[in-house]
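Engineer: Below are the chains, spelled out letter by letter.
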Amino acid sequence: MDRLNFINPFGVRYQPDMVSGDFYTKNFAKGAAENTIILNLGPQHPSTHGVLRVIVELDGEYVIRAEPVLGYLHRMHDKMGEVKTPWQFLPNMGRVDYLHPIAWNWAHVGAVEMLAGISVPERAEYLRVISCELNRISSHLVWWGAFVMDLGGVTPILYAFEEREKINDILQIVTGSRLTMSYFRFGGVCADADDRFLKLIEQFIPYLRKRLKMYKALVTDNVILRRRLENVGPMGLDICQRYGATGPILRAAGLAKDTRRDIPYGVYSKFAFPIPSGPTDDCYGRYLVRLREIETSLLIIEQAISSLPDGPIVIPKAPKPTFKLPAGESYFAVEGARGQVAVHLVSDGGKTPYRVKLRAPGFSNLSLFAEAARGTLLADAIAILGSLDLVIPEVDR
Amino acid sequence: MLKAIIDNIKGLYSLLVGLSITGRFLLSPRQTVHYPRKVIEPENMASYRGPLELVPGDPDPAQSRCISCQMCVRACPGHCLTVTKGASGKSPEVWLYDFTLCCLCAACVESCPTGAIRFSHKVYLVADSREALHLDLLGQLKSSAKQTS
Ligand code: SF4
Ligand code: SF4
Chain H
1 MDRLNFINPF GVRYQPDMVS GDFYTKNFAK GAAENTIILN LGPQHPSTHG
51 VLRVIVELDG EYVIRAEPVL GYLHRMHDKM GEVKTPWQFL PNMGRVDYLH
101 PIAWNWAHVG AVEMLAGISV PERAEYLRVI SCELNRISSH LVWWGAFVMD
151 LGGVTPILYA FEEREKINDI LQIVTGSRLT MSYFRFGGVC ADADDRFLKL
201 IEQFIPYLRK RLKMYKALVT DNVILRRRLE NVGPMGLDIC QRYGATGPIL
251 RAAGLAKDTR RDIPYGVYSK FAFPIPSGPT DDCYGRYLVR LREIETSLLI
301 IEQAISSLPD GPIVIPKAPK PTFKLPAGES YFAVEGARGQ VAVHLVSDGG
351 KTPYRVKLRA PGFSNLSLFA EAARGTLLAD AIAILGSLDL VIPEVDR
Chain Y
398 MLKAIIDNIK GLYSLLVGLS ITGRFLLSPR QTVHYPRKVI EPENMASYRG
448 PLELVPGDPD PAQSRCISCQ MCVRACPGHC LTVTKGASGK SPEVWLYDFT
498 LCCLCAACVE SCPTGAIRFS HKVYLVADSR EALHLDLLGQ LKSSAKQTS
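Protein sequences, first through last, are from chains H and Y. For the first sequence, this note's numbering gives the first residue as 1, with consecutive numbering after it. For the second sequence, this note's numbering gives the first residue as 398, with consecutive numbering after it.
By construction, these hints were calculated from the structure, which means they are not laboratory data. For clarity, every value in this text was computed on a predicted model and none was experimentally measured. Just to be clear, a hint being listed does not mean it is correct.
Stated by the list, open to error - Have a look at the derived ranges for each label pair, beta carbon to beta carbon:
no. : chain 1 : residue 1 : chain 2 : residue 2 : range
1   : Y       : Val430    : H       : Ser269    : 22 to 28 Å
2   : Y       : Thr511    : H       : Ala272    : 33 to 39 Å
3   : Y       : His531    : H       : Met214    : 47 to 53 Å
4   : H       : Ile224    : Y       : Val470    : 54 to 60 Å
Glycine included, C-beta positions come from ideal geometry on N, C-alpha and C.
Same shape as in the complex, but just chain H:
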């Protein structure tokens, strides 16, 4: 069939630009209107956090249209889950979201445990909470540094990395790696906490509290930052719920929703911790929520360390790498640094799962951008993009 000269039964002739070109080029194929220009932000622009491409149409400095383009970092994690045994898929989980890998560890391991009916020893549950919360802090620290860097302040990211390296030192003791961690095993965790691990955490908690005060004086109260962020990019409850935003974005909009509280998993129900929400739904509000979440995580770690029970860290006869899932379906959600992280597993009892679906919060959160950025200044659009805390590998998977 000649696609370019194809006339459909209604007598409509397909235009060449309707047949060729992807959705995004078609969307912008009309070209710029008079007095506007079309600009590509990314895929290699430093302020797009990895390989995100955003096409914007600008009238002067104002954004008329904005459209995120995905797919530059697509690695087929969902598909890989179908060709590997559940155990072999574990290391992938560290690579979906490199800033909060342990949440993804938990989502996958939790889905498998739910389907296979595996229980986890008490001590392993506590270690899971401790490592996950430490990892959440390190993720928020990188976001904090990178966000302030997007806005033009380069020094804070160096401070943030100082703290992050300390967390990496701690997590390396149990996970063996500093970035793409794969700590959880079906029915437990892979390494036990030693004295050095606990000692370093005990030193780290007061240290970070002191540093958070410094962060507040250096950045949070800074007049330039406040003027850049206050009343910029409001994302109310309505838009958040329409696009399925979760995590700090939803909480900044005033809804204290947190998977750790709503669908408690692990031993989170044993700890008392607040869910920070509000006060405003603009960029500054989202900024404050994340900084308060660091404090929340410290609170949880403190409680978990003080009540860490003794005992085994993995069940006897834990599943081996060749372990087969029973037939069935499971869905397990955890709270990641960016929102609800979830894994949906379908198994037909074969060697590998029949279908694996990863729910990445970043994907839903990014969907808000096109609407929130319309009509803002280009510099504000960058601030909005940064305030969404995007990790592109997770968005694209």
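Given the coordinates of chain H, work out where chain Y with the ligands should sit on it, guided by the hints.
Structural biologist: Only chain Y with the ligands this time, still in chain H's reference frame:
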């Protein structure tokens, strides 16, 4: 009006606070490890996962503990390992490891029934070609046993 003036004065003050913090950190000692003049202390290295190595046997350190059972080969998600059984007995003749494919996941280490594999702590490993990272672990084990004896 008055509020705006006070706001601006407060804003200026916040800038001074920020500058003083930056100034203080300018005078604080360096936080990074300046390689190669300094290296990371071994305490921090003990848990680091470097490329795999074979555990020296007991009593002969040039002999591997491996019994060529192929558990690690089947467990590995990256197909990095090749273990071939020798003509006589169970000990392997070839033990190849492709570090370019390895994700350091420990599936092989955890599935080995004899504890024949472990992670090394070679953090400063550098190679100038792909082939240089196709490692012959049995050969490595033999040469390191020769060096120590
Ligand atoms: S660490 Fe993982 S990827 Fe590397 S050889 Fe062992 S099983 Fe394969
Ligand atoms: S699992 Fe251990 S014993 Fe079996 S082939 Fe691998 S290294 Fe050798």
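Engineer: 54 to 60 Å was suggested as the range; check whether the CB atoms of Ile224(H) and Val470(Y) agree with it.
Structural biologist: holds (58 Å)
Engineer: Please check whether Val430(Y) and Ser269(H) have a Cβ separation lying inside 22 to 28 Å.
Structural biologist: Hint violated: Cβ distance 41 Å, outside 22 to 28 Å.
Engineer: Determine whether the Cβ-Cβ distance between His531(Y) and Met214(H) falls within the hinted range of 47 to 53 Å.
Structural biologist: Hint holds: Cβ distance 48 Å, inside 47 to 53 Å.
Engineer: Looking only at beta-carbon atoms, does the pair Thr511(Y), Ala272(H) fall within the given range of 33 to 39 Å?
Structural biologist: violated (47 Å)
Checked against the numbered hints given earlier, this structure breaks hints 1 and 2; the rest are met.
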